[in-house]
Amino acid sequence: MSPNIIALLPEYILTIVGVLIMLAEPLLPPAASRKPLGWLAILGTVAAGVASWYQLHLGVLTAFSNSIQIDSFSIFFHLLISAIVLVTLLISLDYFEGSTRHSGEYFALVAFSAVGMMLMTCATELLVIFVGLEISSIATYIMCGFRKGHATGAESSIKYFLLGSFATAFFLYGIALAFGATGSTSIAAIAQGLATTTTPRLAFLALAMILIGLGFKVSAAPFHVWTPDVYQGAPSPVVGFMSTAPKAAAFAVLLRITFSAFGPMQHRWAILMWILAALSMTIGNLGALLQRDVKRMLAYSSIAHAGYILVAFTAFQSDGIAAACFYTATYAAMQVGAFAVITQVTGYNEQIRTTDDYTGLGLRRPILAAFLALFLISLIGIPFTGGFFGKFYVFSAAIHASNVWLAVIGLLNSGVACFYYLRLLVALYARPVTETAQPAKGRTLSVPAGIGLTLAAAATLVLGILPGHFLNLAQRASASTQPVSAPVAATIPPSTR
Amino acid sequence: MNIDHSILTILILVPLAGAVLLALLPDKGKLMQWGALAVTLVTFLLTLHLPFHYDYGAASGTFQFATDVPWIASPAIRYHLGVDGLSMWLVVLTGLLAPLGVLVSWRTIDTRKKTFYVLFLLQQVAMLGVFVSLDLLLYYSFWELSLIPMTILIATFGRTENRRRAAIKFFLYAFIPSAILLVGILWLYVKTGTFDLPQLAQLAATHSISNNSAALWLCSLAFLVAFAVKVPVFPLHGWLSDAISEAPTAAVMVLAGKLGLYSILRFSFGIFPEQSHRIAPLMLALGAIGIVYGALLALVQKDLKRLAAYATLSALAFIILGVFSFTISGLDGGIFHILSESLSGAAFFMLLGILYERYGTYDMREYGGLAAKLPWMVTMFVITTLSLVGLPMLNGFVGEFLILSGSMQSTIAQHTAWTVLATTGVILSASYMLWMIQRIFYGNLGIKSENVKGWDLDAREHLAMWPLVILFLVMGVASPIWLRVIDAAGTRIAATQSSSANTEARALQTPPHVQIMTASAHTEAK
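Taken in sequence, the protein lines are chains A and B.
In case it helps, the numbering used here puts the first sequence at residues 218 to 714.
In case it helps, the numbering used here puts the second sequence at residues 3 to 528.
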């Protein structure tokens, strides 16, 4: 087969599935269930994941005139995105059932969005990255407004669309400036161009613009303002998806651009990252403290988590990339899981919103509450869950690069963070004294949603108890981003000094 | 397979498996109670394996029943367990208190028994893990894990509306310093490439962790503060009274002191001997102030639980005073007093719980004159009180005496003044405890107690109390049984401390001209 086909096999599969769903949707009678379309999307996602796994054994592949590169790094993110999409689809299957006639499109949009993200992570050409970014973003904008007839949903969608367009414009502008400074838009060529450029300042400006664009996508402060409103208005399964998968893709791009293309300038952009990380962690956590609405709280907390991942950018390349990859994966597992529970608890109407509404959930729906408790404990970063090792790797990488104070800020922040997570956790199990114990009947947990939840919980636990294997994958990913001329430190553990 | 190498793993796994099993079983009250009792009893019997197979002749400083296998390759985290004189009795104690905790919860926990017992077992897992872990990160994992069950226990089974606030306060007080502790642990790892405690202690002894003394200082403070909050050492005790007054009896019994004090002895003293020695004057002062402060506050409480909380604060400060004197008897007394205080404190909280179960209040003003109606109860109360105030022949005396004599012999600055101040604590504690007895049991019958129909301790409560009372006596009379291993640990700690203090003292005491002379002699020799 031509390398052009093998390299983009997962993307092709998902595109075909998406198109098939779009074509099949009008053929189904209006009243019929759209679940088969969902199952088709799930099959497609699994197939895409298997295709990525298959690529893992092929070594480094390049295609489309070197604008696509399949290496351990991109496959890591392909697998991650497939996993997120799989869980999202599993928990969405029953979500739209009976509520709207348009749920077929939803499954197609998820698939298309995944295609864009996968394209972003394997592209080594800024313009292809831009195409991927647009494909994934447009699909997500629409998904945000999928609870039709709800004003907040429409607001969410519009807000995300407008601000997102601004951000992509910044990103595009950055690409143009990079081209001006180095004469190329290809990542490898930019790295070479930087060595000879006569306008290093312009190159730095280019990077700054790109940072703004991607900073918006990962909702790093101060580009985070859209996050709480959009998350609050969007349907819960969509929030679980859009707070993890596009972020993972954007972080992948950011890692490639900063460490590979702009590696020689690390001493300059590392300071920017330091500031972004400190701001995101602090603003995210302080913002979350004030929230009563659970979705808004998780939105702010996702800003903080973006900050934790940004800490990894201030570390040496070898530690930093592996730590960021690992954190992204653990964050995805616990965040998707948390929103999966919220989806199940609130249902389509989302009447259960605030922390107080969750009071006594442990009594009414013990299994869901236990799942949510696990994800919250992981988000706090308690050992034996993935969240702990995520933080552990990120902050030990930072300390290794002598950024001790950033680590102190970060860990103090996680102390603040546990306050609001804990408030929810305590609400789950605390019961007002006056309330008589009568377990209210909730909606039963559907089988696919149960599978999705179990997958997320298993991932959270495995990453916390046996992180070794997964870290290997992350380290392979880190090794496969091109080495740059910047000083590369020894991997942990260092020799005794 | 030799059970000696896997006993510690088994000790952690049994309550863990029990917790998982109970979580999966249907929530039938009786089933949960008996299940939890069986699991905790089995665990306790297993902990008894340790003292009976401990090699008392082994060189001090070696860890026994050790397991050491790699857990995570990068960074190098090992599953390294082991006990020595410092931790062995703490493991047994944790084992013993758990079934007693289940027994006293028998009637008080009447709803959501499944949640309660599962969390209680998890708490035990975390505590056992803390005491036997010899890898810093493994230790840290259990340390953090110990927060979650306790927080939910307080939040769910607390007594008043204040319980959620108390739970969050408890958690934050412990978690934020722990986050800084993690920075310290990571920094140590980056500097040394290992999380292994024996290795780190070795490096510390040869002064080869880092040359950067400021960073070492900060790191040692990160450790010490995290532990001091958990103890709690005055003035970091803000969480204590709320948490104790809210938490259910069984949780309080295992709550205070042990983890933090053990960690100070094991990790602060082990990895930062020099820094610990330098900060000792401050800690002695805080210890002495804490003793008097806790006692004075206890004296004015009307709520029994709060009185107990401040009494605990005062008793824990005694231990701080002892261990930071860095004399052998101070350290021995401190370690012994951790055990003794845990037992007496547990008995005291149990009795308060029993009292609350009958009369539904902790307010001392509502009691009075119960002695005639409840002879067993008053007997137990008086014995426990006497053990807490340190009557000779009972357990409290041994520790208190060793601590005070140790801190009197200490060479740390101002030790005499602080010891004198601390000694007043003995009088104060006798005052508030005996006054409390008087107010509950003697005088006129209180309002509530008019309803008393001689509902004295029942068989289950006797079963929970007697082991402790017997231990009070045995520990008071035959303390060498415990002190034998404790002394090995105490002597070792004192030795490391004095050697590091000596190097430091030499460096300080060598007059400048001698240093110059030695330096020039070296140059000439070359």
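Certain hints may be false.
Just the calculated beta-carbon pair ranges, DEER-fashion [what the hints assert, rightly or not]:
#	chain 1	residue 1	chain 2	residue 2	range
1	A	Thr661	B	Asp57	31 to 37 Å
2	B	Ala60	A	Thr661	33 to 39 Å
3	B	Arg360	A	Ile584	44 to 50 Å
4	B	Ile5	A	Leu683	24 to 30 Å
5	B	Lys32	A	Leu678	53 to 59 Å
6	B	Ala207	A	Leu273	45 to 51 Å
Hints listed in this document are in silico derivations from the structure and should not be mistaken for laboratory results.
Even for Gly, the Cβ is constructed at its ideal location relative to N, Cα and C.
So, going through the hints one by one against the coordinates:
Between threonine 661 of chain A and aspartate 57 of chain B the C-beta distance comes to about 57 Å, which lies outside the given range of 31 to 37 Å. At about 59 Å, the beta-carbon gap between alanine 60 of chain B and threonine 661 of chain A misses the expected band of 33 to 39 Å. Between arginine 360 of chain B and isoleucine 584 of chain A the Cβ separation comes to about 37 Å, which falls outside the hinted range of 44 to 50 Å. At about 26 Å, the beta-carbon gap between isoleucine 5 of chain B and leucine 683 of chain A stays in the expected band of 24 to 30 Å.
For the pair lysine 32 of chain B and leucine 678 of chain A, the beta carbons lie near 31 Å from each other, so the given range of 53 to 59 Å is not met. The beta-carbon spacing between alanine 207 of chain B and leucine 273 of chain A, approximately 47 Å, falls within the hinted interval of 45 to 51 Å.
Of the numbered hints given earlier, the model fails hints 1, 2, 3, 5; all others are met.
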